[in-house]
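**Student:** Given chain A, put chain B in place with the hints provided.
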Amino acid sequence: MLIKVKPLGVAKAYLKKDLETVELPEGAKIKDLLDSIIITADNADLSLLDVATFLVNKEPAQRETGLQDGDEVIIMLRLVGG
Amino acid sequence: MLAGYTGKILFVNLTEMSVTVQDLDEDLARNFIGGYGIGAKILYEMMPVGADPLGPENILGFITGPCTGTRAFFGARYTLVHKSPVTGGWNDANSGGYFGPELKKAGFDAVFISGKAEKPVYLLIMDGKVQIKEATHLWGKDTKETWELLKTELNLPKLRVVAIGPAGEKLSLMSCPINDGHRAPGRGGGGAVMGSKNLKAIAVYGTGKITMADPEKVTEINKQIAANIKKNPGAQAFGTLGTGSGTAVSALNGDSPVKNWAGVGIIDYGEEAAEKLGAASLDVHKVKKYACFNCPLGCGAEYKVKSGRWPLEATERPEYETSCSFGALLLNSEADAVLMCNEICNRYGLDTISTGATIAWAMECYSKGILAREELDGIDLTWGNGEAIVAITQKIADQEGCGAVLAHGSAYAAKVWGKGEEFLQTASGIELPMHDPRLGPGLARTYQYDPTPGRHVKGGIGLAQAFGAFPDKYNYSNTGPMDVAATASQEVENCAGFCTFMMNGGVMDAKEQYLAAVTGMPFSQEETLKTGKRILNMRHAFNLREGFKPSDFTISLRAVGKPPLTAGPLKDVEIDVEQLAENFFTHMDWDTETGKPSLESLQELGGLEEVIRDLYGK
Chain A
1 MLIKVKPLGV AKAYLKKDLE TVELPEGAKI KDLLDSIIIT ADNADLSLLD VATFLVNKEP
61 AQRETGLQDG DEVIIMLRLV GG
Chain B
1 MLAGYTGKIL FVNLTEMSVT VQDLDEDLAR NFIGGYGIGA KILYEMMPVG ADPLGPENIL
61 GFITGPCTGT RAFFGARYTL VHKSPVTGGW NDANSGGYFG PELKKAGFDA VFISGKAEKP
121 VYLLIMDGKV QIKEATHLWG KDTKETWELL KTELNLPKLR VVAIGPAGEK LSLMSCPIND
181 GHRAPGRGGG GAVMGSKNLK AIAVYGTGKI TMADPEKVTE INKQIAANIK KNPGAQAFGT
241 LGTGSGTAVS ALNGDSPVKN WAGVGIIDYG EEAAEKLGAA SLDVHKVKKY ACFNCPLGCG
301 AEYKVKSGRW PLEATERPEY ETSCSFGALL LNSEADAVLM CNEICNRYGL DTISTGATIA
361 WAMECYSKGI LAREELDGID LTWGNGEAIV AITQKIADQE GCGAVLAHGS AYAAKVWGKG
421 EEFLQTASGI ELPMHDPRLG PGLARTYQYD PTPGRHVKGG IGLAQAFGAF PDKYNYSNTG
481 PMDVAATASQ EVENCAGFCT FMMNGGVMDA KEQYLAAVTG MPFSQEETLK TGKRILNMRH
541 AFNLREGFKP SDFTISLRAV GKPPLTAGPL KDVEIDVEQL AENFFTHMDW DTETGKPSLE
601 SLQELGGLEE VIRDLYGK
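Line by line, the protein sequences are chains A and B. Anchor point for the first sequence: position 47 equals 47 in our numbering, and the numbering is continuous, going up by one each time. Anchor point for the second sequence: position 318 equals 318 in our numbering, and the numbering is continuous, going up by one each time.
Hints may be right or wrong, so weigh each one.
[Stated by the list, open to error] Subject to a maximum C-alpha distance of 27 angstroms in a straight line, what follows is the list of computed DSSO-like cross-link-like pairs (lysine-lysine):
| # | chain 1 | residue 1 | chain 2 | residue 2 |
| --- | --- | --- | --- | --- |
| 1 | A | K58 | B | K276 |
| 2 | B | K562 | A | K58 |
| 3 | A | K31 | B | K286 |
| 4 | B | K288 | A | K12 |
| 5 | B | K8 | A | K29 |
| 6 | A | K4 | B | K276 |
| 7 | A | K12 | B | K596 |
| 8 | B | K562 | A | K6 |
| 9 | B | K276 | A | K17 |
| 10 | B | K530 | B | K596 |
[Said to hold, decoys possible] Derived list of chain B stretches under chain A, where covered just means 3 residues or more per stretch with a C-beta under 8 angstroms from a C-beta of chain A:
| # | stretch |
| --- | --- |
| 11 | 243-255 |
| 12 | 260-271 |
Hints are computed from structural coordinates only; laboratory data are not their basis. Glycine included, C-beta positions come from ideal geometry on N, C-alpha and C.
The following block holds chain A by itself, in its conformation from the complex (with noise of 0.2 angstroms):
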């Protein structure tokens, strides 16, 4: 299934360049999108996406909400402002 991804702010530091679509397995998670977008590299502190929100189609979601085809997942980390 294809997923719409929209990586916003500073959360696009963390995750492949240039993503708009991804291609997922059925019954796929967010934890599954994540894994297979993250840009892993050895001195990397990837601990803010531990923290990052999630909305699918714009509704509250979790690392292990299921996904669906044509979903659009936003993927933001929380930054404390000042």
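**Tutor:** For chain B alone, kept in the frame of chain A given last:
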């Protein structure tokens, strides 16, 4: 004396036009660290109960911390303290930039000002020498003009100045002093308190050195923090894009309130609007980076707006709170309007949070027909109308027409006009800041019940819940221990002179390590808990002595999800702030009805003899 401190406190009485220098008592420093810790202790001792916040008896303090102006990263802050003309209770607000470090280089840890001058004056503090100088020629000038005029007439290009603008002179309850042209202890009406004393500015210049007990250790901690920042994209974003690096996302993930706290960012505001106010969009105007004293991040930037409706030869990157309060809170995505409002507020000396939030209140009243267009001097204050937002901000700054009422905040306007109270978004009368308790529910307790209500830089579990992995954050049982510990930790961090963005350094006990290395006094995390609780009790006692009890502290219902939002990331969230408060009060050993701390807890903390005397007659 402990290292890190200058060991001198300045007391100025503007009625008597007198200046007194006292040695900083070492026990006072050990027990209350600096900032509002020392400030609360001194104001409690010196200010009469029931003092008029805008009268000569109110005392205004500018207080550094032991780490302010040292080589310890993030140590740029000073704190402004006074009784608030907004809430009628305790007030503190802090600011970065270079004023605090310069005050210490000029020889003083703190300045306390009482009385009222017969005509406008400013204080000149240079290498231990203090003069009260006439400021009639500066009255009416904005904060940037004042700074430039003083640098020129004193022939001191490196002079640092904190000044009020016309808003403070006219006693606007949203007014604040501004230092370095754009840094502000913004909240609680400090500008009006300065104005009420006819005190236009404090100018400081110093060449003194600030000692550190263990400079090598400070360097070692600095290196660790610098290394951590390098591998943390979030911290680097702060450095490159400033606090506004999170603005766009915050409008969508539920962090920053939308449409006077009634909207849902992802629906009512939208991604396109949010991105327009994101730091990356605003930074097309960037000229160069700006950092506070000795900050490894440098979240500021100087801007030049070359063209458009409001060209600005020189201005500054708006901070997160400003971009939110003049942005998503108003459904405004016109970046140039935000930049212009930021500039007006900085020049006139206005708190951007309260100003934006007051406009949000007026917008909602206008949209619902409660305020008519003629009552707003013909301004079409529809949601998102940038022209109207700038126009009304200018009216507030000038206190012209409707601005003469709105300049004192939304609660004041609702009272004077006799309508719109149901749309106020305030805590004890002051407008709420731009982090939503519905995302970090502990913020509701902090905003409502901290002795300085409505502040995002006060401690508690809220911000950690909003930005951390707390899957069970809407469970309200047993939050007391963690809430108290987090609050105490923030008390110490603030009072030591640190910026909250120290959290980006990735060293959990950085403040304890720095405090020990700078002052030479061992400082454990256990000591943080005890000292933080002592400081918190001192601020709390100030309010109790003024007659406040817990039920006097209020918060608007939208902020706690009553009623809950029906869509978006915060859908169905309703906060049990009463339970959060009970947990916190119980763990502080404060009576939930009267707010009175137990005798045993005060005695155990130590250093609170006056509080024990007043509450228990002992």
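**Student:** So, for every hint listed, does it hold in this structure?
**Tutor:** Tested hints:
no. : hint            : result
1   : K58/A x K276/B  : holds, 19 angstroms
2   : K562/B x K58/A  : holds, 22 angstroms
3   : K31/A x K286/B  : violated, 38 angstroms
4   : K288/B x K12/A  : holds, 24 angstroms
5   : K8/B x K29/A    : violated, 61 angstroms
6   : K4/A x K276/B   : holds, 22 angstroms
7   : K12/A x K596/B  : violated, 49 angstroms
8   : K562/B x K6/A   : violated, 31 angstroms
9   : K276/B x K17/A  : holds, 21 angstroms
10  : K530/B x K596/B : holds, 18 angstroms
11  : 243-255         : holds (count 12)
12  : 260-271         : holds (count 3)
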